[in-house]
Amino acid sequence: MANEENTNVEELKLDDARRVKVLSPGMLVAKRFFRNRLAIIGMVIIIIMFLFSFLGGALIPYSQSQVFYRTEEMKKDYAGATYINDYLLYEDKDAEIPSDLYSKSILAITKKQAVVETRGGGSLALRPLAGDSYIIYSAEEIKNPRAMKSQERKDAAAESDNYFEYDDVSYIFDDATGKELLYRVSEMAVICKLSFTPFSEETKLGYDFYKGALLAMSEDDKKFEFDGASYTIQQDGEATAMVLAEDGSDYVYISNMNMNSVIGGVFLTPDFKETAALAIEEGKESFEYTNADGETDTYLLSEKSGQHLIARNQETRVIDTYASPSKEHVMGTDANGMDLLARLMYGGRISLMIGFVVVFIEMLLGVIVGGISGYFGGWVDNVLMRLVDVIYCIPSMPLYLILGSIMDHYRATPTVRIYMLCVIMGSIGWVGIARIVRGQILSLREQEFMVAAEATGVRVSRRIFRHLVPNVVPQLIVFATMDLGAVILAEATLSFLGLGIKYPAASWGSIINAVNDSYVMTNFLFVWVPAGILILLTVLAFNFIGDGLRDAFDPKMKR
Amino acid sequence: MKKFLIRRILISMILLVFVSMIIYGIMRCMPASFVETKAMQLAEKPGAKSYEEWLEQLNASYGLDTGIIQGYFTWASKAVRGQFGDSWNFSQPVLQKFSSVIWYSFALSLAAFILEIIIAIPAGVAAARKQYSMTDYSITVFALIGISLPSFFFATILKWIFAVKLNWLDLYGIVGRMHQQLSPVGQMLDMAQHMIMPVITLTIVSVGSLMRYTRTNMLEVLNSDYIRTARAKGLPENRVINRHAFRNILIPIITLLGGTLPSLFGGAMITETLFQIPGIGYTSYQCIVAGDIPFVMFYMLFSAVLILVGNLIADILYAVVDPRVRVN
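Those sequence lines, one after another, are chains A and B. First residue of the first sequence: 0, per numbering that gives the first Met the number 0; consecutive thereafter. First residue of the second sequence: 0, per numbering that gives the first Met the number 0; consecutive thereafter.
Just so you know, these hints were derived from the structure itself, not from any lab. Glycine included, each C-beta is placed from N, C-alpha and C at the ideal position. Treat the hints loosely; a few may be bogus.
[Stated by the list, open to error] Below, a list of computed lysine-lysine pairs in the DSS-like style, where the Cα atoms sit at most 30 angstroms apart: (1) Lys129(B) with Lys30(A); (2) Lys164(B) with Lys326(A); (3) Lys148(A) with Lys192(A); (4) Lys37(B) with Lys501(A); (5) Lys153(A) with Lys110(A); (6) Lys110(A) with Lys178(A); (7) Lys221(A) with Lys92(A); (8) Lys142(A) with Lys111(A).
[Said to hold, decoys possible] Residues from chain A that keep clear of chain B, each with C-beta distances beyond 10 angstroms, as calculated: (9) Ala78; (10) Ile83; (11) Ser229; (12) Tyr288; (13) Gly293; (14) Glu294; (15) Asp388; (16) Pro394; (17) Ile401; (18) Glu447.
[Claimed, not checked] Covered, in the sense of this in silico footprint (three residues per stretch, anywhere, with C-beta under 8 angstroms from a C-beta of chain B), are these stretches of chain A: (19) 64-75; (20) 488-495; (21) 515-526.
The whole structure should be built from the sequences, with the hints applied where relevant.
Printed below as a string of structure tokens:
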């Protein structure tokens, strides 16, 4: 318009101010392209995607396969406690023990007999102590009226004991059957429903200690001696007691409960046992205990068929799966506790890279085959185009799936899979480009400029790739842009089906793969929605650009 | 015409031979995972033979003990006679399995196809009538979104909305839980209900290209001289569009649609798999994953035939619909 007006002006000079602005064809295309709003939107989206994936991936402090943990308060079983229902036997190492000592003792206790016979032909006698405890002796019946009538025996009977010593010999008498029988006895063991827990793990207790403690518990002075040291018993309840050493420090804890830690390597201190036993006796649901290091923990008690469980709230480190978006993880975390934003960025790298590499391979193959086929025609064309037809006939998605499962079988590493995927998709997708190139070149090669090229003696390869192919470039660019979108889509679909990019490498498709678990689909939208939107936006942007380019290259369509 | 047809069919036959060769070769590269898995299972049974013995026996019975080339000719000589063998994965004849699942795929594809035509053609025409208007932009954007939508993502969104949030439809499958108790009509409706989401997915994903194709062709037609003539005569715009222009865009559209007709039988592998519709696509997907060579061979060949037939139909229609084109 402007130059038409200029021609009407009389003095027409070709100075700079009046020079008609002539745009090169390339510039014209660019101008038309940048006028297309959709194409601009597409460009912006693609630039953002590149920044997001490549720059974002470099800036984000996390890597794509970094696993995050969180600490969680978890109720963990700490110890178990049961009342001791069975008699425990503590044997004297020096005595000769009959093989059926335990069963015969139980028999005697339940039948309330003081003396029973053992299988070996001997007898054993029981001396009851306080709190369901007994001392077991091997017994031999004798007649000793002098001993029978002694003051010692009367004292014992007065204390409702059946044991006495006379002339440095130990006796047990039994008058339950009406006849007064006397036995000469020697100690073998003690039997009771109590457990002994020493305060320090090194303390070793012997038979004499058990006997002494049990005796002391049933006597008034609560004192006994063992290994040259004297101990005092401090009774808490009927069946729990603390043995104090000479200096008044806690030495051994005696209880009618069996308490064992369920965690390996934990030694339950008598102190703890005492606290726990008291709490259980009082029927509490929880108790507090301060350990030697001064840390106070709350312990929870529960009872299940006689078994008391002591549990503790403990901080445990667990993988931070499906964490909701937060300051730390802007997009949350996925099933493996990996940061989703980082995975989206790295996945974008892979998706974009695969798109470009595949399209490059397609271009290379398609242009070479199409160019040769179109230029030479004849049987070369026929053979090459039949090859194109064959590949075109093979349904691509099932083929990708088959090749994907072959890679599965050979356990290809994620990196190998990425390269293989590029090669496979590239070597199948080129046929469309070959057809376009061939079709164009078939008509172009008949034009005058090709006659001129031939006349000037240009090499064949140069004629094809320097004179013919550049004329196809506009169609190629449009096709390639659209194809980029299609390739990214195909890769995403493959990865979604689990046959493309695999863990730990990320891809947008494999991130959405999480929806195969319907629980994730329903409850963790932040896991799969962003990846889907990214795929959609990227493919859409490539289509916008391709569309804009087509319009820009081919302005015929304008009205 | 006859000569052209015969030549095309002969070429197609040769193509099929090569296609089947390539696919067979690739399938045999899949290191017989199906047989290995089965041998593993059989060997675990109490008192069974060892894994190696089973593997040998199964390889022999499945015809995998021969070389690839010999195996191919064994397979091809049977396939020519229409014997595609038994599907390993489903333990029934391939053709029987195929005929029992194909109609689900066909119904699904047909419904989507019809919907696609109903939506795409009017929309494409409307977009072309007012090029660069708001209508045009929104239709173009819609079409491009459809093309760009990953079907698995769209299907998941549909599931989330209709199955999870609204609870109107089932997540998966072709029949509901109460299917057996329903009357025949009820059973039909039950199946139709399960087809809703797959059909929507397929339609939205594939409607874009037809829409754009219609728009491009309509633009071309509207630029032609006879439209200018019609307008110059003073015909109302509606008549110009609906009579003069529309009839002319039917030529490319019918050619295109005719070419896609065979693919209605091809099944939609991804969509069917997502919704577990037991059509040919889902069945083949299962077979591919399991390494079921007979079924996959059949399916791939079947798909190749569909593509070839589609091309042939398109070429024929091109000549039939437009008398200006001469077949040569």
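Structure-based check of each hint:
no., hint, result
1, Lys129(B) with Lys30(A), "holds, 23 angstroms"
2, Lys164(B) with Lys326(A), "holds, 28 angstroms"
3, Lys148(A) with Lys192(A), "violated, 34 angstroms"
4, Lys37(B) with Lys501(A), "holds, 26 angstroms"
5, Lys153(A) with Lys110(A), "holds, 25 angstroms"
6, Lys110(A) with Lys178(A), "holds, 18 angstroms"
7, Lys221(A) with Lys92(A), "holds, 25 angstroms"
8, Lys142(A) with Lys111(A), "holds, 23 angstroms"
9, Ala78, "holds, 41 angstroms"
10, Ile83, "holds, 45 angstroms"
11, Ser229, "holds, 68 angstroms"
12, Tyr288, "holds, 48 angstroms"
13, Gly293, "holds, 52 angstroms"
14, Glu294, "holds, 46 angstroms"
15, Asp388, "violated, 5 angstroms"
16, Pro394, "violated, 4 angstroms"
17, Ile401, "violated, 6 angstroms"
18, Glu447, "holds, 26 angstroms"
19, 64-75, "violated (count 0)"
20, 488-495, "holds (count 4)"
21, 515-526, "holds (count 4)"
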